[in-house]
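Respectively, the protein sequence lines represent chains A and B. Using the UniProt record's numbering, the final residue of the first sequence is 431, and nothing's skipped along the way. Using the UniProt record's numbering, the final residue of the second sequence is 324, and nothing's skipped along the way.
Source of the hints: derived by calculation from the structure; they are not laboratory data. These figures come from a predicted structure and were not determined experimentally.
Below, computed lysine to aspartate or glutamate pairings styled on DMTMM-like, alpha-carbon distance capped at 25 Å:
| hint | chain 1 | residue 1 | chain 2 | residue 2 |
| --- | --- | --- | --- | --- |
| 1 | A | K286 | B | D166 |
| 2 | A | K78 | B | D261 |
| 3 | A | K78 | A | E322 |
| 4 | A | K245 | B | D166 |
| 5 | B | K88 | A | D421 |
| 6 | A | K398 | B | D261 |
| 7 | A | K427 | B | D92 |
| 8 | A | K427 | B | D79 |
| 9 | A | K245 | B | D175 |
| 10 | A | K158 | A | D275 |
| 11 | B | K88 | A | E415 |
| 12 | A | K195 | B | D261 |
| 13 | B | K88 | A | E431 |
| 14 | B | K88 | A | E426 |
So the derived list for chain B, only partly shown, Cβ under 7 Å to chain A, looks like this:
| hint | residue |
| --- | --- |
| 15 | L72 |
| 16 | N74 |
| 17 | N273 |
Note that CB positions come from ideal geometry on N, CA and C, so glycine has one too.
One letter stands for each residue in the lines below.
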Amino acid sequence: MTKRKLLAGLGFGLVTALALSGCSAPAGDGQVTLQMVESLTSPARTELLDKLIGEFEEQNPGITVELISPPTDQADQKIQQMLQSGSGVDVLEVRDLTVGPFSANGWLSDMTTEFEGWDGWDSLTSNAQNVATAGGKMYFVPYGFYGISLFYRTDMVKDAGFDGAPLSWDDLVDQATAIQDPAANQYGYAFRGGKNGYTNAVLAISAYVAGDIDVTNAYKLKNGDSIFSAPEALEAMDTYLTLFKQASPPSSVAWGYPEMVEGFTNGSTGFLLQDPEVIAAVNESKAITPEQWTTAPMLVGPGGKAIQPLATAGWGTAEASEHKAEAAKLIQFLNSGDASIEFTQTNSLVPILTGAADDPFYKTGAWESYLYMNENPEVYITAEQPRGVAWFTEWADKADSELQQVLIGQMTNKELLASWDSYWTEKWAAE
Amino acid sequence: MSGQTTTATGRPSTRAGAPSAAPHKSTRRRAFSTRRGLVILAFMLPAIIFVAVFTYYPMLAGSQMAFRNWNLNNLSNTDWVGLGNFQKIFADPNFYVILGNSVLWVVASIIPQFIIGFALALWLRRKFVFRGVYQALIFFPWAISGFLIGILFRWMFNGEFGVINDLLMKAGLIDTAIPWLAEPGTAMTAVIIANTWYGVTFFAIMILAALQSVPDEVYEAAALDGSGKVRTLFSITIPYISTTLALTVLLRVIWIFNFPDIIWAMTGGGPANQTHIITTWMISITQRGDYGQASALGLIVMVILLVFSAFYLMAIREKKGARS
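With the rest of the complex left out, here is chain A (with noise of 0.2 Å):
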């Protein structure tokens, strides 16, 4: 009885075993399976990215893809994981933030063999085939662009007594204020005090130097310097406090991405600064109507003008990738045509796709500030953030540290710029 059962067993595991290694064994009729893997997942996106894929594949018959889709928090982590083990990814999303440690480690294939005579090229955008190609390599090709907009309470900013929307960053300080009522849970401004805090303080500081500011590196001056040791960027600093004290949420030291979109959609506060995804999420909002909100351009400084960030990603091959050229079809599929147009605005995203911001989409509603931005290059300037770097993570995390030491009174704002500016001016003397 026992050696019947232990046979039983042993054949019951070779079985297994078998039709386990059937599962990875690779096919031997010339059929490709792409290992594909994304990082800012969301489940709507992810839907939309198998639906592409089914189309790609319809168009490929001898090409499958496999979407790996990683929960957003671990994801670019989980791709750092792949890619160093070597195997087991042939496309993946590049962010701007990852291209730099990414292809430092050579674990990104420079593209550009591949995408030689791609007869989408042509139309890019100069910004996309910019991005593309810097540094002379293409580690990547972007879906689209992050661009920040002023989303904005139309009736809150009525009711106080104004007649649109603010312009500057201090116009921005007397509307939230006035608009600040704790004792009825209304708050002037969704302040970002949390996790990537830091962006939206280095957003006023370079609207304040924007006439002095290098557009390749939107840290630096045009002297050289970095922008946190202009005096102009003193006074940044003091109306983003004064932003944060008199009208902001006391408890959004805390605040990162999902309070400060809760904090608008639940109709809390007022102003809220941005990237163009969340109008699809303001959208679906339950307490506040389409008629009660919209965006506003990049608030200005004091010279009149606004830096526009340039944040993007898009998709990369691996370099140890068996399947390149099925790899940048896949991406060249991705980033053309009708999937492209799809993508962008399904995801709200500036698109990559010269002509596609003239589709109807993007000129009416909460998309008009970015047309107007766009309309508008001398006082939204683009300046491309060094967000490359292999140290911009340490950066990030130095920043926001710092930040919220400012916001809980442990350091001024005078030893936050000079802590800022000494870190960026070592590690550009260091490269």
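Following the hints, put chain B in place on chain A, whose structure we already have.
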């Protein structure tokens, strides 16, 4: 006594050179033991291999990173740096604040967890209607991920939209909302409250199991002797289950020290690093790619816990020895 001495344990032993009383029997026993040992080893081998591959190998591989310049943001130079990573940690003023936070986190969490868990276990030991339902409900939090609990508590402690402030206001205990997670003191209090809620269950489970081993006759005898409830608790119950209590506390100290989930989800170590404990700090260092420094921190945590465990176990042994 000829040919034989007595060992310290009082067992007879054969003197060298003297003829053995039963040489054949001794050889047979040895052969039997070797075979038995091999069988035992064969049974244990899969477990040994599993632990070696999945526990000790990663531990050793991780440990060697602590002595190298292992930064995921640039792996072109992974040279040995000796104690460089440890020096960086000890030179960072944040380390000492975070070490203090870690001690506070453990002590302030474990005391209420222990007291409330003990009280719950005593209550659950009594026989009453729906006791099983209560037991299931009380054990339920232990089944939830710590990170998820952290997220739930983050929203509950939100200064503007959180239910905690709402309840406190409705109860008339506060006039204005408390920005719980925005100030170092209240943020630490909030994460400890969340951890206490989570950990009470563990103590309740362990202590209840131990309490059920105390024979009813002992309590009956105590009652006959006229012992009150408090006297019975301190003179009978606690001494009877003291070994379980001691080991549960030790286990829990190690777990809480190594338990970043709730803090990470609630505050991410903020504001301004003020709620970081060593393991959340380690996560934040890992997230910026510095695996070398994070591994060094991991080794420091291991040493701290080993030293603590050794002293704790010695203290318990001494106390037991003194009592016996």
